[in-house]
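These protein sequences, in sequence, are chains H and X.
For the first sequence, position 106 matches number 106 in the numbering used here, and the numbering has no gaps at all.
For the second sequence, position 19 matches number 19 in the numbering used here, and the numbering has no gaps at all.
Hints were generated in silico from the structure; no laboratory data involved.
Hints are supplied without guarantee of correctness; some may be wrong.
Note: identical chains are not told apart, hence a pair may lie in one copy or across any two.
Stated by the list, open to error - Pairs of lysine-lysine, DSBU-like flavour, derived with a Cα cap of 30 Å: (1) 10 x 111; (2) 5 x 111; (3) 104 x 21; (4) 44 x 102; (5) 103 x 180; (6) 103 x 21; (7) 44 x 74; (8) 5 x 21; (9) 21 x 111; (10) 21 x 93; (11) 111 x 180.
From a predicted model like this one, the values you see are computed outputs, not experimental measurements.
If you want the building blocks of each chain, they are given just below.
Number of protein chains: 2
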Amino acid sequence: MQELKERILKEGRVLPGDIIKVDGFLNHRVDCELMSHIADEFAKYFNIDDVDILLTAEASGIALTAICALRYGKPMVYAKKAKSDNIEGGLFKSEIISYTYKKKVTLLVAKDWIKPGMRVLVIDDFLARGEALRGLCEIVEQAGAQLVGIGCAIEKGFQGGGDRLRERGVNLHSLAIIEKAEPGNIVFREDD
Amino acid sequence: MQELKERILKEGRVLPGDIIKVDGFLNHRVDCELMSHIADEFAKYFNIDDVDILLTAEASGIALTAICALRYGKPMVYAKKAKSDNIEGGLFKSEIISYTYKKKVTLLVAKDWIKPGMRVLVIDDFLARGEALRGLCEIVEQAGAQLVGIGCAIEKGFQGGGDRLRERGVNLHSLAIIEKAEPGNIVFREDD
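Using the sequences and the hints, build the whole thing.
Encoded structure:
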């Protein structure tokens, strides 16, 4: 997606440890108009009529997914990352490793909100090693729901998480796949 | 706001410990069409032309705020709740007590995203003791920015957090203020 790639080139910053900072428009400050363009772009890859619910994980996936949900006229669910008093019993759970926070995190979704047979489109802002998405796929499976696909805004192709999901047959589309990231030199994978 | 109150009466559940669960449409599963109606309602109370940026806190404020930001054509910023590798230096910080998670939490906003003089509208999904909002107000102050007001979807009036903010002169509007919550008996404060 040209507009997204241009924003990454213009505003993205490469930090030590293969971190690509895009927090000026994606995951701290959020450009919601860009998010709505991303939503429209996902709609070219997935048959939205065939989707019952959008699923993401807190926190950085929520803004993009909310805007997708509004544009598609679908409900969204976000997996929570810690047990709070507001979630009692009846949970789907998946343990993942958060590289951002360097610890194990449990993704939680109340069983009330994903039912067997539901067609789920997973959305996320960023795919690196793919742990959060692996956890979300596991939750879809636990629920006996059907994974329609995964739409991701930015993927770090060189970390392999996206390709591992593709090899498992997941219908994953990322709108900007970064193959190389050095300060001042960000290279994207060619589109299919 | 009638539509919101009706949803609370229909789908909200009162749990022990004064917890009002609205996670079927507000903060776990999210009805984004309702969020867009809430956004339109906030626009009756605040002069959106006079707002530079929307501010909320992760995670449950993000979906509503993203949809407000899209509808108003403004950028949004969400305060993060833990230090991750992706946030270096230059942070506004405010320590709050999370009653949901029973612990101290530090709200963080990168100094890059709120500048002196910016006019900030704070948005949140839920106001109980008002700790998160107090923290966000503190961050606006640290930034030398100007708090236009606070728009909140649901307020637990009986916990006093909202009234404490109003007494301090904050222009706070909540769209459904709950004065009494017992199983099967939710009572709202009369609108002004």
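Contradicted hints - numbers only: Of the numbered hints given earlier, the structure breaks just one, which is hint 4.
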